[in-house]
Structure formats: structure tokens, C-alpha cells
Amino acid sequence: MKYTKPLLKLIEEFQKFPGVGPKSAQRMAFHVLNQDIQQIEEFSKVILAAKTQIKKCSVCKNLSADDPCEICSASSRDKKIICVVSESKALIAIERTNEFKGAYHVLGGLISPIDGIGPDNLTIKDLLSRLGKNEVREVIVALDTSIEGEATTLYLHRLLSPLCSKITRLGFGLAVGTELEYADELTLARALENRTEI
Amino acid sequence: MFLKKLKLAGFRNYIDFEQNFNHLKTIIIGQNAQGKSNILEAINILATSQSDRAERDSDIVNWNGEYALIFANIETKDSEIDIALQINNTGRRKLKINGVPKRAPQADLLGNFFAVMFSCDDLFLIKGTPSVRRKWLDYVLFQLDMKYHKTLQNYQKAVTQKNALLKKAQEISMSPKNLKQELEIWNEQIINSGSQILLDRLVFFKEIQPFARDFLFELSKETEELNLIYESTIFKDKNELKADLSYIKETFRSMLESSFAEELSRGQATLGPHRDDLKFLINDKEAKSFASQGQQRSAVLALKLAELKVIEKRKGEIPVLLLDDVFAELDESRQNFLLHHLPENIQTFLTTTHISDIQKEFLEGAQILKVKNGLILENVECKT
Ligand SMILES: Nc1ncnc2c1ncn2[C@@H]1O[C@H](COP(=O)(O)OP(=O)(O)OP(=O)(O)O)[C@@H](O)[C@H]1O
Ligand SMILES: [Mg+2]
Ligand SMILES: [Zn+2]
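Protein chains in written order, with the working numbering: chain X, 1 to 198; chain Z, 1 to 384.
Quick caveat, the hints were computed from the structure, so don't treat them as lab data.
Do not rely on the hints blindly, as some may be mistaken.
Mimicking DSSO-like on lysine-lysine, the simulated pairs with C-alpha atoms at most 27 Å apart in a straight line are [claimed, not checked]:
| # | chain 1 | residue 1 | chain 2 | residue 2 |
| --- | --- | --- | --- | --- |
| 1 | Z | K7 | X | K166 |
| 2 | X | K23 | Z | K96 |
| 3 | Z | K279 | Z | K206 |
| 4 | Z | K180 | X | K23 |
| 5 | X | K79 | X | K23 |
| 6 | Z | K94 | Z | K180 |
| 7 | Z | K372 | X | K125 |
| 8 | Z | K96 | Z | K7 |
| 9 | Z | K168 | X | K125 |
All chains should be modelled from the sequences, with the hints used to inform the complete structure.
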């Protein structure tokens with residue numbers, strides 16, 4: 001038995017979402033069909049509203065309905081410290097720690113030639129002009145430890161060094177709660193390299 | 001090290017396979033294309049985390065299934081290990097060791113179980129392409145050093161990125177300054193992980209060289225002297241090659257700088273361990289060009305026995321030996337040599353189409369499994 005056309009189309013659309021396979025897509029499609037028309041109308045409005053109202057903050061490039069965003073316009077945040085992240089998702093993760101009281105800069109990805117992403121495709125120029133305009137005390141580069149994250153970190157380090165006297169990156173270490181003997185060797189080696197005094 | 005039990009489900013042509021092993025030798029016999037090598041492949045994956053012949057992980061999943069399961073119970077010198085590995089046809093893996101789920105199923109499998117695979121494909125080690133020889137080195141090193149796998153993975157990713165960048169630079173014009181700036185961030189990582197890889201390979205080379213040499217010398221009745229040479233693309237003069245990490249890094253860096261134009265014009269990373277090769281000399285003559293069939297067989301046999309020695313020495317465990325179809329390729333004197341140079345308690349699995357290819361002495365007290373189309377037809381103990 002084949003799906004009737006509109007159903008097939010719906011399943012295919014769901015399947016385009018990250019992490020959604022054919023089975024989940026099918027479940028989601030049937031769920032849609034089981035809902036009232038009002039619920040579905042409401043849902044499509046929410047999606048449209050999200051898409052049309054959320055823009056990028058002109059300062060830090062974070063997703064936001066307001067411009068400048070909440071963080072950039074808060075007087076309580078120290079604009080002289082900028083934490084550079086690849087995506088808004090990473091920003092939210094750092095915000096959740098409640099440890100950071102500075103400002104952010106969202107790059108919009110990582111340098112990755114195989115995906116056709118070079119430095120020009122990221123918001124690096126905006127970051128440079130931010131550094132030129134304000135007296136930034138410290139730039140914290142908070143990127144993934146992947147090959148692409150490392151490459152981007154290195155790139156930013158070389159580029160920003162003449163503009164800012166303090167450029168830091170996140171420390172490498174053991175995940176909290178790890179039992180030492182179960183940590184993988186590379187992590188352990190890095191943690192040892194980056195040991196701190198007690 | 002002893003593999004006591006192996007279960008396969010949805011692995012190649014095995015839908016439901018379960019076998020206990022309690023003999024030092026297990027002989028898997030059957031006609032062509034029945035699934036003899038598949039069993040050895042599964043065992044070898046437990047040691048190297050990779051299939052020696054599948055192009056993609058998903059190839060080993062039964063065509064009608066969604067995932068393959070390999071379950072093994074292994075006895076080591078001082079403990080027992082249960083390994084459960086699931087490989088999905090999407091390429092995803094799940095791994096449990098002693099019931100504990102592991103976060104990195106590729107890397108965390110390594111270091112639990114050791115094996116030496118010797119198949120007729122290994123006869124191409126000498127005459128085949130450089131990639132065959134690099135693969136051999138890498139797979140042994142996966143077992144010897146758990147960090148090696150991750151380092152190699154990082155290295156290869158950085159090389160792929162660099163190649164993409166060089167290709168792009170060929171297609172669109174980039175200012176030399178920008179290109180250099182962008183290249184540098186990949187080269188930096190290539191230098192770091194590549195130097196470590198080179199160092200690990202050199203250290204292994206130093207270890208295996210004397211063993212391989214002694215084995216071939218004895219096997220050839222003291223007429224053949226084997227010399228292994230690591231041919232590095234970074235150290236053109238092999239006398240300058242030293243197992244010193246910071247020295248390797250320094251040389252790598254300066255070589256990359258001076259090869260910028262060449263790499264750019266070729267649109268490829270041409271320097272580094274991904275382009276290195278091994279050279280075998282027999283009595284100072286290059287084996288690739290001059291060795292006879294018989295000389296090659298002897299040299300590879302010596303190399304495999306030496307590999308076994310190095311693993312045993314470094315890991316303190318005797319690896320399991322997997323002999324895939326090699327007996328048809330080894331004459332009686334070579335079979336004898338192999339037989340008499342194996343550690344006493346080594347567990348050996350071997351496959352053959354004809355039991356007559358195998359020496360009587362080897363068969364004694366062996367467990368014989370007859371396979372047909374992914375099923376065990378018979379399981380008997382050999383009495384000669
Ligand atoms: N993913 C798979 N799903 C199902 N069957 C497979 C799969 N991969 C390989 N096979 C089957 O496994 C068989 C080959 O098994 P194997 O390589 O172990 O043969 P063999 O007994 O070693 O043969 P030979 O003596 O020729 O070396 C073939 O029949 C092949 O069709
Ligand atoms: Mg076979
Ligand atoms: Zn902002």
C-alpha cells in the first residue's frame with residue numbers, strides 16, 4: 001500500500017528535520033492528521049511567527065526578536081568581555097551555567113572547506129569591527145573541540161591577537177563525574193596538559 | 001588471550017550463529033562463498049574495530065537486516081571480558097563492554113582483544129600499492145595504542161579539509177595572503193597529529209624490524225636478510241628520520257612551507273604520513289621489484305610472526321591468530337616453520353576449502369567446523 005499523495009508529502013517534509021527518520025516522520029504525520037483543524041492552524045501560525053519575528057541581533061548575531069538582543073541591551077552585562085560561539089545553541093548552553101556575565105558573538109558556523117564554509121561566510125568581520133569600536137578586554141573563544149572547531153579557534157587567535165591583548169579559550173578537562181580510569185586517553189592527556197594549581 | 005564464545009546475528013550471511021571454542025585450534029572448512037572468512041572478519045573487528053575488507057561499516061550487515069551483532073566472551077590473563085557490538089546499516093554503532101555502554105564505540109572497542117590476521121590478501125603487502133602497506137601498519141597500531149586511532153582520524157579529517165581548501169583555491173582566485181592564513185589552520189593540526197602518527201609508526205618499526213629479520217633469516221636457512229625501511233614524504237633522506245616528536249614537527253613544518261606552491265598546483269596535500277610507504281629489502285634488493293613469489297610468501301610470513309611478537313611484547317597477552325586461506329599458499333616447509341614458531345598456547349582460527357591443504361600436525365586435536373551458507377553443519381574434534 002502506498003501513502004496517498006498529500007500524506008507522503010507531509011512525511012517527506014518531516015523527514016527533512018534533523019534527527020527524524022522515516023518512522024518518526026510517519027508518526028508525526030499521523031499525529032498531525034489526528035489533530036483538530038484549529039490546532040493545526042495555531043501550530044502553523046506559531047511556526048510562521050517564529051520564522052518572521054526572529055531575526056539576528058545586529059551586534060552579536062544571536063537569534064532574537066529584539067534588536068539589539070536582550071543580552072546586548074542589558075546594562076548588567078560587561079561588554080568588554082566577548083565570548084565567541086559557533087551557534088546560538090552554544091550561547092544558550094553557556095547562559096544556562098549562569099557563570100558568564102559578558103557579551104557574546106555568534107559566528108554562524110565553523111570554518112569547513114568541505115562544506116564550502118570559509119572565514120568570509122562567518123560573522124568574523126563583524127567581530128573585528130566590534131573589537132575596533134570598543135575597548136574589549138578579553139575574547140573567550142568557546143568553540144567545539146572538533147577539527148573544525150580547532151581550526152576556527154586557531155584562525156581567530158591569529159586574527160584577533162593584534163586587536164585584543166587577552167584571548168582565551170575554554171579549558172580542556174575531564175567531564176564532571178568521570179571516573180579517571182574510564183576517561184579516554186586523549187581527554188586525559190589534554191587534561192594533564194592543562195592541569196591547574198590547587 | 002582466548003575467545004571462548006562468539007555469537008553473530010545479522011552479520012554477513014550469519015543470521016544466528018553461536019559457537020563455543022575450547023580447543024586451541026579451530027578449523028573452519030567449507031566450499032567457496034559459504035562464510036568462512038566472515039567468521040574471521042568478525043573476530044578481527046573485535047581487535048581492530050574495523051573490518052579488514054568492508055569498504056563501509058554497513059557492508060557487514062546482513063542484506064535483509066537492519067543491524068549486525070557481534071557478541072564475544074574473551075578470557076584474558078587475569079579476567080574475562082564480554083563484548084557486545086552492534087553495527088547498524090546506517091553505519092551507527094553501539095558498544096557494551098561487560099554490560100557497560102560505551103560512549104565512543106569505535107575507539108572504546110580497541111585494547112580489549114588482540115588478534116593477528118593473516119590472509120592471502122597479505123601476500124599483496126609487498127607488491128601491492130602503498131595504501132595496502134599503510135593499512136597494515138595502521139591496523140596493527142590501532143591495537144597497540146588506543147590513542148593512535150583517534151589521532152589518525154583527526155589527521156585524516158584535517159587532510160580532507162585541507163584538500164577541499166586547495167581545490168577551492170584552484171577554482172576561484174584567492175589572495176595568497178588569505179589562502180596562506182586559511183591553510184595554516186589545517187596545517188597546524190596536520191603537523192600535530194601527523195607527527196604523532198609518524199612517531200608511533202617509527203617506534204613500531206624499530207620494534208618489529210629485528211623480529212621480522214630473524215624470522216626470515218631462519219626461514220630462508222640463513223640466506224635472506226630482510227630490511228624494512230620507512231619511506232617518509234617528510235624526510236626524503238631516511239638517515240635524518242629520528243623518533244623525536246619535536247624534531248619531526250619542526251621538519252614537517254618547514255617541509256610544508258617549502259612545498260606550498262607544489263601542493264597548491266596539485267590541489268592536494270602531498271606531504272605527510274597519508275602518503276608514506278614502506279620498503280622491503282631482501283639482501284639489499286627491493287623486494288617489490290625483485291622478490292620471487294616464494295620469497296614474498298616467506299617475507300610476509302616472517303612479518304606476520306613478527307607482528308604477533310610485538311603485540312605479545314607490548315600487551316603482555318598472546319593475540320589470537322586468524323589464518324584465512326593461507327595454507328593453500330604456504331608449502332610444507334613454510335607451514336612447518338609457522339607451526340614451530342607460534343607461541344605454545346596461542347589460539348588459532350583457520351579457514352580452508354580443502355582439509356588436505358593442511359599438515360597433519362596442525363590438525364591434531366583441532367575443533368573442526370563445517371560451514372555452509374552461513375550455517376554450521378558439523379562440529380567435530382579432529383582425531384588423526
Ligand atoms: N552483507 C551480507 N549479507 C548477506 N550475505 C553476505 C553479506 N556479505 C557477504 N555475504 C555472503 O557471504 C558469502 C561470502 O562469505 P565468505 O567471504 O566468508 O566466504 P568464504 O567461505 O570465505 O569463501 P572463499 O573460500 O571463497 O574465501 C557470500 O556468499 C556472500 O554473498
Ligand atoms: Mg574466504
Ligand atoms: Zn546581541
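Verification of the hints:
1. Proposed proximity of K7/Z and K166/X is contradicted: the alpha carbons are some 57 Å apart, above 27 Å.
2. Between K23/X and K96/Z the alpha-carbon distance is near 26 Å, which keeps this suggested pair within the 27 Å criterion.
3. Between K279/Z and K206/Z the alpha-carbon distance is near 14 Å, which keeps this suggested pair within the 27 Å criterion.
4. Pair hint K180/Z plus K23/X does not hold up; C-alpha atoms about 47 Å apart against a cutoff of 27 Å.
5. Taking the CA atoms of K79/X and K23/X, the gap is near 47 Å; set against the 27 Å cutoff, the hint is violated.
6. Note on K94/Z and K180/Z: the hinted pairing is violated, with a Cα-Cα distance of about 41 Å set against a maximum of 27 Å.
7. Proposed proximity of K372/Z and K125/X is contradicted: the alpha carbons are some 65 Å apart, above 27 Å.
8. Between K96/Z and K7/Z the CA atoms are separated by roughly 14 Å; this keeps the pair inside 27 Å, and the hint holds.
9. About 21 Å separates the Cα atoms of K168/Z and K125/X, which keeps this hinted pair within 27 Å; it holds.
Checked against the numbered hints listed earlier, the structure breaks hints 1, 4, 5, 6, 7; every other hint is satisfied.
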